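**Q** Heads up: the sequence lines are chains G and B, in that order.
Using numbering that gives the first Met the number 0, the first residue of the first sequence is number 0, and each one after it goes up by one.
Using numbering that gives the first Met the number 0, the first residue of the second sequence is number 0, and each one after it goes up by one.
Hints in this document: simulated from the structure, not taken from any laboratory.
Remember, it's a predicted structure, so these values are computed and weren't measured experimentally.
Where chains are identical, the list cannot tell them apart; a pair therefore holds if satisfied intra-copy or between any two copies.
Restricting the straight-line Cα-Cα distance to at most 25 Å, the calculated cross-link-like pairs of lysine-lysine (DSS-like) are:
(1) K265 x K124
(2) K66 x K265
(3) K66 x K124
(4) K187 x K233
2 protein chains.
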Amino acid sequence: MTYCVGIRLDAGLVFLSDSRTNAGLDAISTFRKMMIYERADDRFMVMLSAGNLSISQSVREILQVEKVDRGPHEEPLTIWNATSMFDATRVLGSAVRRVYEQDGASLRAAGIDFNSSMIFGGQIKGEAMRMFLVYSAGNFIEATRETCFFQVGESKYGKPILDRVLTPATPLDEAAKCALVSMDSTLKSNLSVGLPLDLLIYREGEFRSDRVVCVDEHNPYFRMIRSTWGQRLKEVFEDIEDPRWDGGQAEHPLMTPSDRFEPMRKIAHPSERIV
Amino acid sequence: MTYCVGIRLDAGLVFLSDSRTNAGLDAISTFRKMMIYERADDRFMVMLSAGNLSISQSVREILQVEKVDRGPHEEPLTIWNATSMFDATRVLGSAVRRVYEQDGASLRAAGIDFNSSMIFGGQIKGEAMRMFLVYSAGNFIEATRETCFFQVGESKYGKPILDRVLTPATPLDEAAKCALVSMDSTLKSNLSVGLPLDLLIYREGEFRSDRVVCVDEHNPYFRMIRSTWGQRLKEVFEDIEDPRWDGGQAEHPLMTPSDRFEPMRKIAHPSERIV
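Could you build all of it, start to finish, from the sequences and the hints given here?
**A** Structure representation (structure tokens):
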């Protein structure tokens, strides 16, 4: 598996990916999942990919040169001439479908799902920043103000902190921190996600970015996150009062009857029923 | 889906289950997942179940009366005469297999997995407390000092806090709080898990428990957990310094080169390659 997160904010975009690939637990390797396409002052796009590595690598290879036919009177559409991120994402969808045409039947014959998903975001001059989630069928959805982040891969461990913190108004650096905390929770609970990480921040309207860093186990900032977050989380946890089972005496009593539901009854012999 | 967690501590056992069952998003209902078997001063057992509801309900029905043959000279084994939790769990495994015999082929014909998993824990006089995770095939594993909790159902959202906090030495009430925090994260990020919750605490050597509560949306303690945890989490998050992209000047710099890995290169035109 893998874990990638992309965030679209008012201030810019944040991309974070891990680099673990596994074919079973005994075949773990490092493959980085981030691709950066930058033509300075014109377009800046980033793709993060999860799923079957042979599919994502083929998609990457094809994406750079993929052409979507637009009829006899127009130049074919590519990620280099697209005038909107929507069109660029159509090119990515087309690249996914091309790989499906090439490999889909053989993968199916081998009992392997055609499993691939990608986060694709960026900005093309003349348009606002946009971010898309592209599925295995080449179809895609776009991030909105209500849902301003996408995750692919092992997304569940790290989702709660994103749900709690992110809004479109979140500053870029804070969102990067949030993505790293989300990654930390995922790394802690799932072996199929691993270092190094690739982190990139894009500022609205810049059409380039040098805020790209590869975070390995020695990175001072990520080490600080990993130790501080775990430690502070435990402190907060300990600060919250424990449940009290003695009814009304506690400030926040636990043993209060529910209006609608009885406590579970107990079964004391074989013929007893709870319904 | 559903979410259940069982914890085995030195001091006792903690069980927590939600009550949401869904057949698609438009068919959501409330079915509670906890069963309590108590013969005072002799045995106390709790089962939490996840997976296909028709399977778990059948398993529950059968478990109370299931008999495992022990040859002509011994009374058949039941959960009521088992002298160890291991044997009682064998009875549960046998109940699962009986449901498989009854329904497995028809479910398969309908394209439905025989999907069911159960946490089964308790104490039988003469033995220490034990807790098991029972799979769809009726096989099972036991919680140990290194892995002192089991989850079934939507387990990923709530796993990081359990991983960070729980050890066999954790006090019972603190572990109950931890289970509720874990449930809160799951509820926040996944619609297929829902209130009310059933929470039960068992103290080592008591062979009974009255610490059983049904937690609905009005429960003062769980309301406190939900608001406090989210709020404090955000405060801790905000207290952690944001990443600084200006290299060595920060206390914990982010932009430090990795020994082994370069930052991702950028693709600026169609023929460029990153390898």
